[in-house]
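Visitor: Chain order of the listed sequences is A and B.
Residue 169 in numbering that gives the first Met the number 0 sits at position 170 of the first sequence; the count goes up by one each step and never skips.
Residue 147 in numbering that gives the first Met the number 0 sits at position 148 of the second sequence; the count goes up by one each step and never skips.
Hints listed in this document are in silico derivations from the structure and should not be mistaken for laboratory results.
A virtual CB, placed ideally from N, CA and C, is assigned to each residue, including glycine.
Just to be clear, a hint being listed does not mean it is correct.
Keeping only pairs whose Cα atoms sit at most 25 Å apart, straight-line, the calculated DSS-like set for lysine-lysine is [stated by the list, open to error]:
hint, chain 1, residue 1, chain 2, residue 2
1, A, 200, B, 12
2, A, 273, A, 232
3, B, 241, B, 188
4, A, 182, A, 46
5, B, 229, A, 200
6, A, 265, A, 159
7, A, 265, A, 232
8, A, 200, B, 241
9, A, 289, A, 351
10, B, 188, B, 2
11, B, 13, A, 200
12, B, 217, B, 188
Quick look at which bits of chain A chain B covers, simulated, 3 or more residues with Cβ under 8 Å [to be verified]:
hint, region
13, 26–39
14, 68–75
15, 81–95
16, 202–214
17, 287–300
18, 326–332
Computed, partial: chain B to chain A, Cβ under 10 Å [as the list claims (entries may be wrong)]:
hint, residue
19, 56
20, 232
21, 234
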Amino acid sequence: MAKVLMDGNSVIGEAAIRAGCQCYFGYPITPQNELTEYMANHLSRKKGCAFIQAESELAAINMVFGASLAGVRVMTSSSSPGMSLKQEGISYLASCELPSVIVNMSRGGPGLGTISASQSDYFQATRGGGHGDYRTIVLAPSSGQELADLTHRAFDLADKYRIPVLILGDGILGQMMEPVEFKHEAPAELPVRSNALRGAKGRASRIVRTCTSNTSDMEELNWSLYRRYQLIKEEEITCETFLVEDAEMIVVSFGIAARIARGAIKNARANGLKVGLLQPVTLWPFPSAKVEELANRAKYFLVFEMNMGQMIEDVQLALNGKGETFFYGRPGGVIPTPSEVFRVISRHYYQKGLS
Amino acid sequence: MTKVYSRPKLLKKKIFHYCAGCGHSIIHRLLAEVIEEMNLQERIVGINSAGCSVFAYDYLDIDMAEAAHGRGMAVATGLKRASPETIVFTYQGDGDLAAIGTAETVHTANRGERITTIFVNNAVYGMTGGQMAPTTLLAQLTTTTPYGRDARLEGHPIRVSEMLALLGGVVYIERTAVDSPTNIRKTKKSIRKAFQVQIDGLGFSMVEILAPCPINWKMEPLEAWQWIGKEMTKVFPLGVIKDITGQKDAD
Ligand SMILES: Cc1ncc(C[n+]2csc(CCOP(=O)(O)OP(=O)(O)O)c2C)c(N)n1
Ligand code: SF4
């Protein structure tokens with residue numbers, strides 16, 4: 000298919016529909032409204048599909064819960080303050096093993112914050128966010144094309160592991176227009192998931208529950224979730240690297256920050272600095288083994304995030320004392336420039352006597 | 000001898016965990032009877048809420064799922080929109096439906112979602128030990144209104160059914176009680192009609208059922224049952240609150 004020029008939010012909408020997403024429930028919040036509007040345009044009157052502008056993020060995520068119970072592909076989206084409200088539902092989805100795709104086009108916070116892009120929801124996204132001992136797969140695109148590809152992948156992963164999958168983007172990605180190629184055609188009709196609840200026709204009745212007064216049942220659920228999380232760690236970790244083969248310093252960045260870092264690294268290379276990029280695409284599970292492997296050659300890791308240092312904790316855990324980390328970040332919705340990041344790279348590079 | 004009454008097939012052979020004299024067990028039985036008589040068991044899904052009835056799926060032999068506290072109607076909405084052929088009902092207490100879930104309740108009703116709600120009003124939070132509910136009567140003693148509910152401090156009991164009746168999407172609401180054989184029979188009829196509204200695709204339907212919670216009312220079961228007729232119905236009068244179906248009965 001030829002490339003089309005689209006804003007990132009609409010890209011997610013189109014990719015979702017091409018992945019067979021039949022239901023979307025959302026509540027307006029900037030900077031992701033184009034996605035809600037895209038779904039209103041394309042799902043609200045389509046046969047077999049549903050779109051609802053819910054009364055709140057709480058309601059939207061619980062509608063997702065209901066549609067997932069019915070066995071269809073379903074999505075919701077929001078931005079930071081709205082994501083806080085969705086945490087209750089995400090915890091229930093995780094507990095009930097209900098596949099679903101949840102998009103966060105994050106903005107600067109805490110509180111109501113700013114509508115400008117930020118990466119300050121990393122902890123919330125990767126640590127569960129809601130109550131209980133659960134995980135969600137977290138995908139972090141850094142371009143329009145990755146938004147399209149990872150949205151498709153999000154639906155597949157959700158079904159494969161019966162797990163909520165988060166796409167963690169940001170205001171820039173959501174609003175930026177880029178040429179994108181959609182690699183999939185929308186399916187004519189997806190089969191209803193085999194464990195759907197639609198009435199006990201021709202089988203015994205089913206229960207989807209989280210509440211139990213039996214502690215050993217609860218423990219067994221947690222163990223079974225844990226085993227699935229281990230499997231996901233074995234099978235699904237993804238990351239991108241750029242010029243790492245001979246690098247002595249590695250910049251670790253995700254999402255839009257990784258895109259900015261690429262510019263800075265090109266500049267560094269032009270100036271003779273041996274710097275490479277590690278871009279985790281799955282934030283959970285985190286590409287810890289890759290960090291460790293890179294530490295066999297590069298001793299210095301500059302973690303660059305648009306927050307005050309959240310992913311750096313995962314990098315440090317992965318390094319386990321092996322390499323040295325530095326941090327550069329700007330919170331509050333200010334977008335750092337490639338030349339700014341280049342200056343930070345150079346400073347650390349020369350201070351460590353790497354030239 | 001002719002058999003006039005038997006255990007509904009959809010009621011699992013289990014001993015209820017509810018307290019003696021609790022309304023939930025009667026309402027479960029009525030639901031099982033109605034679903035069986037209307038032959039809905041192969042296409043119905045129940046959503047139960049946090050509250051004493053959270054284990055309703057242990058008793059009803061139909062597809063059931065649990066919603067987070069107060070979110071039952073949002074879950075039911077998602078399910079129904081994804082699968083319009085499925086008959087969906089929520090089973091909610093007053094704390095669930097009228098406190099934490101007020102927004103979901105109002106907007107689901109207003110959108111006229113084709114779902115049915117069984118709203119069990121026992122004027123307290125049962126499961127958490129008898130705290131005040133939005134429906135607690137004035138002067139009623141609960142663990143969080145130890146001096147009796149005072150309108151100036153704790154507000155008035157909310158008449159949810161009357162409030163929802165104002166909304167465009169609402170097709171049928173009736174308030175019944177399970178305090179006497181006559182009222183129990185009426186409740187069953189009302190549940191049946193509420194499901195019929197959904198089957199006919201007309202809009203939102205709800206049955207509010209006044210039910211006793213003897214333990215938290217600190218009454219003997221019989222006394223609790225009498226209290227419904229004596230006190231509760233003064234604030235929550237029984238009868239049809241709204242009916243724009245144009246049909247007198249489902250039967
Ligand atoms: C988010 C959340 N807050 C609080 C609770 C605790 N809780 C469980 S049931 C309940 C009240 C139930 O009262 P009601 O809906 O009237 O049902 P009843 O037990 O009387 O049948 C509360 C507050 C919870 N489960 N979830
Ligand atoms: S506490 Fe009240 S509502 Fe709960 S089971 Fe006992 S009587 Fe029923």
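Visitor: Give a verdict on every hint.
Guide: For each hint, the structure was consulted:
| no. | hint | verdict |
| --- | --- | --- |
| 1 | A:200 with B:12 | holds (21 Å) |
| 2 | A:273 with A:232 | violated (30 Å) |
| 3 | B:241 with B:188 | holds (15 Å) |
| 4 | A:182 with A:46 | holds (24 Å) |
| 5 | B:229 with A:200 | violated (44 Å) |
| 6 | A:265 with A:159 | violated (38 Å) |
| 7 | A:265 with A:232 | violated (31 Å) |
| 8 | A:200 with B:241 | violated (33 Å) |
| 9 | A:289 with A:351 | holds (23 Å) |
| 10 | B:188 with B:2 | holds (21 Å) |
| 11 | B:13 with A:200 | holds (23 Å) |
| 12 | B:217 with B:188 | violated (30 Å) |
| 13 | 26–39 | violated (count 0) |
| 14 | 68–75 | holds (count 5) |
| 15 | 81–95 | holds (count 4) |
| 16 | 202–214 | holds (count 7) |
| 17 | 287–300 | violated (count 0) |
| 18 | 326–332 | violated (count 0) |
| 19 | 56 | holds (4 Å) |
| 20 | 232 | violated (32 Å) |
| 21 | 234 | violated (27 Å) |
In the structure shown, a violation is registered for the earlier hints numbered 2, 5, 6, 7, 8, 12, 13, 17, 18, 20, 21, in ascending order.
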